[in-house]
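J.: The primary structure of each chain is shown beneath.
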Amino acid sequence: MNESPKPRWTFAAFREGVIATFPLMPGLFAFGMAFGTVAARQGFSLLDAVAMSAIVFSGVAQIIVVDAWPRELTVASVTAIAAVTAVICSRFLLIGAAMRPLLSRLSPAQVYPFLHFLVEPPWLLSIRYQREGGNDPGFVIGSAATCYVTWVVSTAPGYWLGAAADPHRFGLDMVIPAFFTAMLVSLWQGPRKAIGWAVGGAVAVAADLTLGGFWYVVLGGLAGSIAGGLADE
Amino acid sequence: MNSHDPLGYAVVIAVMTVVVYLSRAGGFWLIGRVRIGPRLRKMLDALPGAIIAATIAPLLVHGGVSAVAAVTAALLAMVALRNDFAAVAAGLVAAALVRATGF
Numbered sequence: 334m335n336e337s338p339k340p341r342w343t344f345a346a347f348r349e350g351v352i353a354t355f356p357l358m359p360g361l362f363a364f365g366m367a368f369g370t371v372a373a374r375q376g377f378s379l380l381d382a383v384a385m386s387a388i389v390f391s392g393v394a395q396i397i398v399v400d401a402w403p404r405e406l407t408v409a410s411v412t413a414i415a416a417v418t419a420v421i422c423s424r425f426l427l428i429g430a431a432m433r434p435l436l437s438r439l440s441p442a443q444v445y446p447f448l449h450f451l452v453e454p455p456w457l458l459s460i461r462y463q464r465e466g467g468n469d470p471g472f473v474i475g476s477a478a479t480c481y482v483t484w485v486v487s488t489a490p491g492y493w494l495g496a497a498a499d500p501h502r503f504g505l506d507m508v509i510p511a512f513f514t515a516m517l518v519s520l521w522q523g524p525r526k527a528i529g530w531a532v533g534g535a536v537a538v539a540a541d542l543t544l545g546g547f548w549y550v551v552l553g554g555l556a557g558s559i560a561g562g563l564a565d566e
Numbered sequence: 196m197n198s199h200d201p202l203g204y205a206v207v208i209a210v211m212t213v214v215v216y217l218s219r220a221g222g223f224w225l226i227g228r229v230r231i232g233p234r235l236r237k238m239l240d241a242l243p244g245a246i247i248a249a250t251i252a253p254l255l256v257h258g259g260v261s262a263v264a265a266v267t268a269a270l271l272a273m274v275a276l277r278n279d280f281a282a283v284a285a286g287l288v289a290a291a292l293v294r295a296t297g298f
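Quick mapping for you: the protein sequence lines, in order, are chains H and A. Position in the first sequence (first residue = 1) + 333 = my numbering. Position in the second sequence (first residue = 1) + 195 = my numbering.
Hints may contain errors.
Partial selection, computed: residues in chain A whose CB lies under 7 Å from chain H [as the list claims (entries may be wrong)]:
| id | residue |
| --- | --- |
| 1 | I208 |
| 2 | Y216 |
| 3 | G244 |
| 4 | A245 |
| 5 | I247 |
| 6 | A249 |
| 7 | T250 |
| 8 | V263 |
| 9 | A265 |
| 10 | V274 |
| 11 | A275 |
| 12 | L276 |
Selected chain A positions facing chain H (in silico; Cβ < 7 Å) [unchecked claim]:
| id | residue |
| --- | --- |
| 13 | V214 |
| 14 | V215 |
| 15 | G232 |
| 16 | K237 |
| 17 | L242 |
| 18 | P243 |
| 19 | P253 |
| 20 | G259 |
| 21 | V260 |
| 22 | D279 |
| 23 | F280 |
It should be emphasised that the hints constitute simulated quantities derived from the structure, not laboratory data. Idealized CB from N, CA, C, for every residue including glycine.
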């Protein structure tokens, strides 16, 4: 009865997660600036813009909602905002499911507050981390914390600078696609395992061309996952 | 004039936060209530690559020459160097070069 409980996560892994996220910081910063710029253009106060980044913490959803801010806030327009946000964030249902094995090492009292901060970079980095034998959720917490701080801090410079610096010109909008590509290379385990990737990509393109909107990630991800799972049997 | 009343803004932030949180916590919660057999296990294993492919593929279709160049450069750099930072840098440089030449 006198043994001390094993820590569920460590600062050593937290630090590792922070360092692994560094290559993404310029891109995340540019992305956060893009949101600040959109908020300034739409007449939001700086405080409102930063508050949204700090509370909602969902890049694509924030930009889309603020960019299409309704002239009048009615029950209908707020419902529309909720629906758009739900579609954009539906991919997190899949990502959260995929994170279950690693994050279930945390207690429910730790994991449910943490899940508010779950974004793509910690998830992707954790896949390779686990392949290399890591199993400390501190890695994911460190990576998510780095993303959060970068996102919140970058809103104000974007708000002030507006379109003075053009992230597009320096290719900064390509940081996330380039990073995703690098992660795909890390995940490569032969062509048989990649059947699901091909199906996922094809379904996403088809959904994007026919449905539009933001359904393509979750539909492609689901289809690719099912196809990849069946191809592996 | 767009609406910027404080109460309405607070309502929108609250609604978005709840929706975002439910999507981030919902999948984690739900999969914990399912018994994961070998078939579901394999599907979950295939999930990361499928989500990445589903994110990138539409971008390649309508992102133009610069998107294709960025993804190709990142791919080659990652295969050659096995380094995230080099891959991201190669992607940025490729996109910036293509755009500088006027595509």
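J.: Run every hint past the structure and note whether it holds.
T.: Verification of the supplied hints:
Hint status for A:I208 relative to chain H: holds, with the closest Cβ pair at about 6 Å, below 7 Å. For A:Y216, the interface hint holds, since its Cβ comes within 7 Å of a Cβ in chain H; the closest pair sits about 5 Å apart. A cut of 7 Å between beta carbons decides the hint on A:G244: the least distance to chain H is about 5 Å, and the hint holds. A least Cβ separation of about 3 Å between A:A245 and chain H falls short of the 7 Å threshold, and the interface hint therefore holds.
Annotation: interface hint on A:I247 holds; nearest CB of chain H at approximately 5 Å, less than 7 Å. About 3 Å separates the beta-carbon of A:A249 from the nearest beta-carbon of chain H, less than 7 Å, and the hint is met. Because the closest C-beta pair between A:T250 and chain H is about 6 Å apart, less than 7 Å, the hint holds. Taking 7 Å as the C-beta cut-off, the interface hint given for A:V263 is violated, the closest approach to chain H being about 10 Å.
Checking A:A265 against chain H by beta carbon gives a least distance of about 4 Å; that is within 7 Å, so the hint holds. About 6 Å separates the beta-carbon of A:V274 from the nearest beta-carbon of chain H, less than 7 Å, and the hint is met. At its closest, the beta carbon of A:A275 sits 10 Å from a beta carbon of chain H; the interface hint therefore is violated under the 7 Å criterion. Interface hint at A:L276: violated, since its Cβ lies 10 Å from the closest Cβ of chain H, which is beyond the 7 Å cut-off.
The beta carbon of A:V214 is positioned within 7 Å of a beta carbon in chain H (closest approach about 5 Å), and the interface hint is therefore held. A distance limit of 7 Å between C-beta atoms decides the matter here; for A:V215 the minimum to chain H is near 5 Å, and the interface restraint holds. Annotation: A:G232 was flagged as interfacial toward chain H, and the flag is violated, the nearest CB pair being 11 Å apart, outside 7 Å. The closest approach between the C-beta of A:K237 and any C-beta of chain H is roughly 4 Å, which is under the 7 Å cut-off, so the hint is satisfied.
Because the closest C-beta pair between A:L242 and chain H is about 4 Å apart, less than 7 Å, the hint holds. Satisfaction of the interface hint for A:P243 is found here, the shortest Cβ-Cβ separation to chain H being roughly 5 Å, below the 7 Å cut-off. A least Cβ separation of about 4 Å between A:P253 and chain H falls short of the 7 Å threshold, and the interface hint therefore holds. Interface hint status for A:G259: violated, as the beta-carbon distance to the closest one in chain H is roughly 11 Å, over 7 Å.
The beta carbon of A:V260 comes no nearer than 12 Å to any beta carbon in chain H, farther than 7 Å, and the hint placing it at the interface is violated. With a least beta-carbon distance of about 4 Å to chain H, the hint placing A:D279 at the interface is held under the 7 Å criterion. Hint status for A:F280 relative to chain H: holds, with the closest Cβ pair at about 4 Å, below 7 Å.
Violation of the numbered hints given earlier is confined to hints 8, 11, 12, 15, 20 and 21; the remaining hints are satisfied by the structure.
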